[in-house]
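Q: The primary structure of each chain is shown beneath.
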Amino acid sequence: MSAATVVRISDLHKSYGTTPVLRGVDLEVRQGEVTCVIGPSGSGKSTLLRCVNHLEKINAGEVEVDGELIGYRRHKGRLHELKDRLITKQRASIGMVFQNFNLFPHLTVLENVVEAPIGVRGLSRAAAVALGKELIARVGLAGREESYPRQLSGGQQQRIAIARALAMEPKLMLFDEPTSALDPELVGEVLAVIADLAEAGMTMVVVTHEMAFARQVADTVVFLDEGRVVESGPPAELLSAPRHARTREFLARVL
Amino acid sequence: MSVSTDLVPPPTARTTPAAGVVPLRRPGRWISAVVVLVMLAAAVRSVITNEAFQWSVVAEYFTAEVVLRGLGLTLWLTVLTLVLGFALGTVLAVLRLSGNPVLVGVAWGYVWIFRSVPMLVQLLFWFNIGALYPTLSFGIPFGPDFVSISSTNLIGPLAAVIIGLTLHEAAYAAEIVRGGVISVEQGQVEAALALGMGRGRILRRIVLPQAMRSIIPAAGNALIGTLKGTSIVSVLAVQDLLFSVQLIYNRNYLIIPLLLVATVWYVVVTSVLSVAQYYVERYYARGAARALPPTPWQRLKGRLR
Ligand SMILES: Nc1ncnc2c1ncn2[C@@H]1O[C@H](COP(=O)(O)OP(=O)(O)OP(=O)(O)O)[C@@H](O)[C@H]1O
Ligand SMILES: [Mg+2]
Numbered sequence: 347m348s349a350a351t352v353v354r355i356s357d358l359h360k361s362y363g364t365t366p367v368l369r370g371v372d373l374e375v376r377q378g379e380v381t382c383v384i385g386p387s388g389s390g391k392s393t394l395l396r397c398v399n400h401l402e403k404i405n406a407g408e409v410e411v412d413g414e415l416i417g418y419r420r421h422k423g424r425l426h427e428l429k430d431r432l433i434t435k436q437r438a439s440i441g442m443v444f445q446n447f448n449l450f451p452h453l454t455v456l457e458n459v460v461e462a463p464i465g466v467r468g469l470s471r472a473a474a475v476a477l478g479k480e481l482i483a484r485v486g487l488a489g490r491e492e493s494y495p496r497q498l499s500g501g502q503q504q505r506i507a508i509a510r511a512l513a514m515e516p517k518l519m520l521f522d523e524p525t526s527a528l529d530p531e532l533v534g535e536v537l538a539v540i541a542d543l544a545e546a547g548m549t550m551v552v553v554t555h556e557m558a559f560a561r562q563v564a565d566t567v568v569f570l571d572e573g574r575v576v577e578s579g580p581p582a583e584l585l586s587a588p589r590h591a592r593t594r595e596f597l598a599r600v601l
Numbered sequence: 048m049s050v051s052t053d054l055v056p057p058p059t060a061r062t063t064p065a066a067g068v069v070p071l072r073r074p075g076r077w078i079s080a081v082v083v084l085v086m087l088a089a090a091v092r093s094v095i096t097n098e099a100f101q102w103s104v105v106a107e108y109f110t111a112e113v114v115l116r117g118l119g120l121t122l123w124l125t126v127l128t129l130v131l132g133f134a135l136g137t138v139l140a141v142l143r144l145s146g147n148p149v150l151v152g153v154a155w156g157y158v159w160i161f162r163s164v165p166m167l168v169q170l171l172f173w174f175n176i177g178a179l180y181p182t183l184s185f186g187i188p189f190g191p192d193f194v195s196i197s198s199t200n201l202i203g204p205l206a207a208v209i210i211g212l213t214l215h216e217a218a219y220a221a222e223i224v225r226g227g228v229i230s231v232e233q234g235q236v237e238a239a240l241a242l243g244m245g246r247g248r249i250l251r252r253i254v255l256p257q258a259m260r261s262i263i264p265a266a267g268n269a270l271i272g273t274l275k276g277t278s279i280v281s282v283l284a285v286q287d288l289l290f291s292v293q294l295i296y297n298r299n300y301l302i303i304p305l306l307l308v309a310t311v312w313y314v315v316v317t318s319v320l321s322v323a324q325y326y327v328e329r330y331y332a333r334g335a336a337r338a339l340p341p342t343p344w345q346r347l348k349g350r351l352r
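Protein chains in written order, with our numbering: chain V, 347 to 601; chain C, 48 to 352.
Pulled out of the complex, with its shape left as it was, chain V reads as follows (with noise of 0.2 angstroms):
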């Protein structure tokens, strides 16, 4: 049984100006498989990631998520941007959870996680709240809802973060090293929630320092670097008997 492609990124390039940060990158993630992204700092994690819901704007190739080409359309052979409107409709249903959790100070946790669902996808407030709270538990928040971000510890927030993007209900979630910004004794508790979510069959694609946790969870590892993918396999392949020498260096350093 062959599960349908999520994510389909072909030949990818994109640069900062003159500068090239990704040089031609495919990836496929299948339904409900998770995907770790590992390599070097400047290697083009993050900008790949952001490639994925079009907050950066890609040069060439193309990024498909459930058959869809994100931030684009195909017409006379040309890619032409979307519109905002179609943009955000497509960002939407694609879950982002940042290093830094980017919650919003100004609004409740309820309030950061019910104001998407409410504004976007127009739930009633009353279905929204009912969500939200529900999400909460699920992250092992109940009772915080009233608290403000800040009352919280990082770990607690990263949940939140992770509360808020389940709640627009996405066919997928990206992790730009969620637990990178963490105390190492918070790290567990965002990494088994993440597990959860993994086990409940969520596709992801999860930007990671935290080896023990790709070996564990990923379905693959896809090891980056120079914008560029070195190699992808299973964990314990890729992990432990990487088949590139520039892999084996980085592992060195990390493991």
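Simulated from the structure, these hints should not be mistaken for lab results. Think of the CB as a built atom: it goes at the ideal place given N, C-alpha and C, for glycine as much as any other residue. Just so you know, not all the hints are guaranteed correct.
Label pairs and their calculated CB-CB ranges [claimed, not checked]:
1) V:Lys429 x C:Ser278: 45 to 53 angstroms
2) V:Lys429 x C:Pro341: 43 to 51 angstroms
3) C:Gly234 x V:Asp542: 22 to 30 angstroms
4) V:Arg420 x C:Gln233: 24 to 32 angstroms
5) V:Ser387 x C:Ser163: 41 to 49 angstroms
6) V:Leu425 x C:Gln233: 22 to 30 angstroms
7) V:Lys429 x C:Gly349: 49 to 57 angstroms
8) V:Lys403 x C:Gly234: 16 to 24 angstroms
9) V:Glu545 x C:Pro148: 48 to 56 angstroms
10) V:Asp542 x C:Trp159: 53 to 61 angstroms
11) C:Pro188 x V:Glu492: 51 to 59 angstroms
12) C:Pro340 x V:Thr351: 49 to 57 angstroms
13) C:Gly234 x V:Arg561: 25 to 33 angstroms
Chain C with the ligands: place on chain V using the hints.
A: For chain C with the ligands alone, coordinates are given in the frame of chain V:
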């Protein structure tokens, strides 16, 4: 004067030292406090006892009908200028941040011109607009006109004052709003974009409420500046607070006490605004600190307990 900036409560001297710990004594503090208080008392005494201030006359005219009507006009002008000025200023700030080079240039040019021209000069220009443009027409640019009105009929002193004050305020408001918006972290916008929110919604729900934290103190300053700035309209014989007392002292020559009437009213209104500003700031501080600072009232109650 603003009572607002100390959102972080100062460490109070009420912490009781643990038994056996003698806090450092500071005799210099006591001496300087006493010296300042004595000087202050002397100044207050001279103001009260100096016959030339004629406080009885001040009291007599303080609530005179003409004065109150003038005060009403001053307040009305202040509020109108604030609302219209900030509405236009917000639009200018959005243009300035739009990234469209033409719009950015126009907004920049507006702010440049209207911050450069003195308020009084601008008012006189608007008052004399008839000399520049004898008729005002509504129609298609470079095309036919639909309506034509003589501008001296349309723009009397009051209209000149409202237009002048608003355009002037808008230039400052644009910079205040823009400063507030760019003080909001870029990650906030990205998180909102990633949730599928549109630009307008992000501005209204995410960026502006957070920008308010730095907009309010500056806007409070601008508001108080505008309140006092409206007194400039007295040169166009618009009957605001200042012009009203001038009307009275031109008849009875009680210049000092009547100027005091206006002064005390300006101080009263400014004080009320300062207190209001404190509470507005406190409202927008939600979530910015782990706990909201106590209101002065709560602080007082805590101290009396
Ligand atoms: N907005 C930008 N303008 C110019 N250069 C940028 C911009 N954003 C990123 N870069 C550059 O692109 C390269 C890749 O950045 P990216 O953030 O994708 O790396 P990364 O793999 O996520 O690194 P890290 O592990 O440190 O997060 C870096 O060299 C960075 O300096
Ligand atoms: Mg990164």
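Q: Output the numbers, in ascending order, of every earlier hint that fails for this structure.
A: Per hint list: zero violations.
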